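Student: Protein sequences appear in the order of chains A and B.
Just so you know, we're using the numbering used here here: the first sequence kicks off at 29 and counts up by one.
Just so you know, we're using the numbering used here here: the second sequence kicks off at 75 and counts up by one.
Just so you know, these hints were derived from the structure itself, not from any lab.
In this text the structure is predicted, and so the values were computed from the model without any measurement.
Certain hints may be false.
Said to hold, decoys possible - Chain A regions said to be covered by chain B (calculated; three or more residues, Cβ under 8 Å):
no.	stretch
1	196-208
2	503-515
As the list claims (entries may be wrong) - Going by beta-carbon spacing under 8 Å, a handful of chain A positions derived as facing chain B:
no.	residue
3	52
4	159
5	161
6	168
7	211
8	314
9	318
10	410
11	413
12	414
13	421
14	435
15	447
16	459
17	463
As the list claims (entries may be wrong) - Derived coverage of chain A by chain B (criterion: at least 3 residues anywhere in the stretch with Cβ under 8 Å from a Cβ of chain B; other residues may be distant):
no.	stretch
18	174-188
19	358-366
Think of the CB as a built atom: it goes at the ideal place given N, C-alpha and C, for glycine as much as any other residue.
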Amino acid sequence: MELFSHLSIGFGVAFTPINLLYAFIGCLMGTLIGVLPGIGPLATIAMLLPATYALPPVSALIMLAGIYYGAQYGGSTTAILVNLPGEASSVVTVIDGYQMARQGRAGPALAAAGLGSFFAGCVGTLVLAGFAIPLTEVAFLFGPAEYFSLMVLGLIGAIVLASGSILKSVGVILLGLMMGLVGTDVNSGVARYSFDIPELTDGISLLAIAMGVFGYGEIISNLGKDESEREVFSADVKSLMPTREDFRNMAPAVLRGTILGSMLGILPGGGATMSAFAAYTIEKKVRMRPGEIPFGSGNIRGVAGPEAANNAASQTSFIPLLTLGIPPNAVMALMVGAMMIHNIQPGPQVMTSNPELFWGLIASMWIGNAMLVILNLPLIGLWIKLLTVPYRWLFPAIVMFCAIGVYSTNNNTFDIWMVGVFGILGYAFIKLGIEPAPLVLGLILGPMMEENLRRALLLSRGDWTVFFTRGLSASLLAVAALLLLIVLLPAVRKKREEAFVQE
Amino acid sequence: MTRTATRIKSQKDFFSGLLFIAVGVGFAWGATSYKIGDASRMGPGYFPLMLGVLLAVVGLLVMFMSLVVETEDGDPIGAIAWKPLFFIILANLTFGVLLGGLPSIGLPHMGLMAAIFALTFIAAMAGEEFKLKEVVVLAIVLAGLSYTAFIWLLSLQFPAWPAFISG
C-alpha cells in the first residue's frame, strides 16, 4: 500500500520527541489564546505565528498545525461555554452546546465536540493522504487559465458562504485582492501604491492586516459595547464524561458529520462553515430516538454532528491548498502566509521536491488532533478558569501581543503602525456590518490571480475567450456561475439568511 | 416608523457602498499612473484598474440597494466608540515609538520594557474603569512575561532597555 508507506514517512518525520514537543506547545498555546473570549481562530493564529519563526520548516509547520487545531478547539470551547461563536463555523455548535452548558452538561458537550472532532480528524487525514497524489497529478493539467478560473470559483465559494450581504462580501474580496497588489510588481519592478514609503514596497504585512482587523477591531468594538451586553460565563461544569446514552446518540451523528465534512471540505471556498450548517440540518431531519431532547434545547447530536463535520472539512480543505497551492478559506490563507514566511510555496511541487515536509505535515495534523484530545479533556478545568479572566486584563495583553508579534516578524516599527491602521479599518467593518474574513483570502490570492491572468492572456494573445474554450477552465467557471445563481435565487436566499441569523 | 428626512433605508449599507466607491475610485485612479498595457501585454496598472472599477461598481450597487431595499429599523451604524478607538490606537502608536524610537526626529528607542508599561497604561484607559493598582500589576506581569518569553527563551532581537542605558 503506497498510502501507508507515505504515511510512515510522515510519521517518521513528525514522531520525533522534539517535534512532538512542538506539536504539544502549539496545541497548548493555540487553545490557550483561542479559548479567550473575543479572539477568533484567525486572530489566534496571527498572534502565535511569530513564535514559529525560529524553528526549522518541518517543526514550524508541525507547531502551526498544532496552533491551528488548538485555536479551532479553543473557539468551540468558548462557543459552548459563553455562547460566543468566534467564527462562522461554530455558530451552529452554539445552538445546542450553550443550552447543554446551561443545564450543567457543559462537560459532555465539550467531550462530544472533542471526541467527534478527533474521529473526524482521523478520517479527514486518511482522505487527505489518499487524495493528495491523484489530485497533484490533476494539478499538472492546470494551465494559467485553469488556475485563474479555480481562484474565481474559490472566491465565489467564499462569497456564497460568508455570512451577510453577498454584494458586500464581493466588495471585501475585491478590497483584499487590491491590498494584495500593494508593493513591487514582480513583472515590471514598479512599486505600486507604495506612496514612496520604502516599507510598503515589500507589500502590506499579512500579519499586520490580520491582527489589526481581527484583533484590534474586535477589541474596540467590544469595549464600545455596554458591559452588560457582553456574554459572561456562568454555567458550571460538573462531570466531563458523556453518559452511555449520550454515546449512543452522538456516535451516528459523528459518523454522518464526518462523511459530509470530508466531502464538502474539498470544495474551494471554505467548506468548514457550510458543512457545519449542513450537518446540523441533517441531524435535525434524522428521526429522534425516544426520550431525546429536542434540537435547540441541548441535544448532544447538535454539537457532535456539526463539530465533526467542521473538523473533517478543515482537514480536507488542506487538499486544495497542498495540491493546487490555493487556499480555500481565510484561515488557510493565513497558513499559506505562514508557509511563505518559512520559504515554502504550497503547491504540487512540495510533494515531489520535499516529500518529508509534505507527509510530515499530514502526519502532524493527525498528531495535532490526538494531542488535542489528550490535552483538552483533562485540562478543561483550566480553560474554564481562563474564561473568567476579566476582559479589562485581557485586552491590553492582546494589544501588546499583537504589537510584539508583528514587530518580531521584520523588526520594523512600521508594521506596528500598520496594525493600528487596520485596527481602525476592522472597527469600521464591524460598524458597517461587513464580514471581514474574505479580506485575508483576497489578500493572498491577489498576486496569484494577477499572475495567472497575465500569463493566460499572454498565451492567448489577449483573447479573453480562452477561459471558456478550455474545457477544464470553462467547467470551473460554470460551477462558479451556478453557485452564484443558486444563492441569488429568492428561495435559497431567504433560507440562507435564516441560517445565518438563527443562533 | 415615520419617514425621516434622509431617504437612506440602510445606513450601514449606504456607508459601506461609499467606502467601496472611494477605495475603488482611488485604486483605479492610482492605476492610471502606471503603464496599463493591453490584455495580451498587461502592464502593472491593468489588473488594479480592473479591480478598482469593479469595486466602484459594486459600491454603487450596494449604495443603490441601501436606498431602495426597505429595512426594519434603518440599519443604523450606532454610536462610534471614540474612547476605545482613540486609546487603543494611541497605545499602539506609543508602543511603536518607544520600542523603535523615531530616527527621523532623532528620538532614541526606549526599549521593550518602557513600551509595554506605556502600552498597558494607555490601553487600560480605553476600558470602563481604570484601577491604578490593577493596571500596575498587569503591566509588571506583562513585562515580566514578555521578557522571559521573547528575550530569554526566543532570544528575539529586541531592544529591552532604553538606548541611554544599554547603549
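Student: Each hint should be assessed against the structure and marked as holding or not.
Tutor: Results for each hint:
{"no.": "1", "hint": "196-208", "in the structure": "holds (count 7)"}
{"no.": "2", "hint": "503-515", "in the structure": "violated (count 0)"}
{"no.": "3", "hint": "52", "in the structure": "violated (16 Å)"}
{"no.": "4", "hint": "159", "in the structure": "violated (32 Å)"}
{"no.": "5", "hint": "161", "in the structure": "violated (34 Å)"}
{"no.": "6", "hint": "168", "in the structure": "violated (25 Å)"}
{"no.": "7", "hint": "211", "in the structure": "violated (11 Å)"}
{"no.": "8", "hint": "314", "in the structure": "violated (35 Å)"}
{"no.": "9", "hint": "318", "in the structure": "violated (41 Å)"}
{"no.": "10", "hint": "410", "in the structure": "violated (17 Å)"}
{"no.": "11", "hint": "413", "in the structure": "violated (16 Å)"}
{"no.": "12", "hint": "414", "in the structure": "violated (15 Å)"}
{"no.": "13", "hint": "421", "in the structure": "holds (6 Å)"}
{"no.": "14", "hint": "435", "in the structure": "holds (7 Å)"}
{"no.": "15", "hint": "447", "in the structure": "holds (6 Å)"}
{"no.": "16", "hint": "459", "in the structure": "holds (5 Å)"}
{"no.": "17", "hint": "463", "in the structure": "violated (11 Å)"}
{"no.": "18", "hint": "174-188", "in the structure": "violated (count 0)"}
{"no.": "19", "hint": "358-366", "in the structure": "violated (count 0)"}
When each numbered hint is compared with the structure, violations occur for hints 2, 3, 4, 5, 6, 7, 8, 9, 10, 11, 12, 17, 18, 19.
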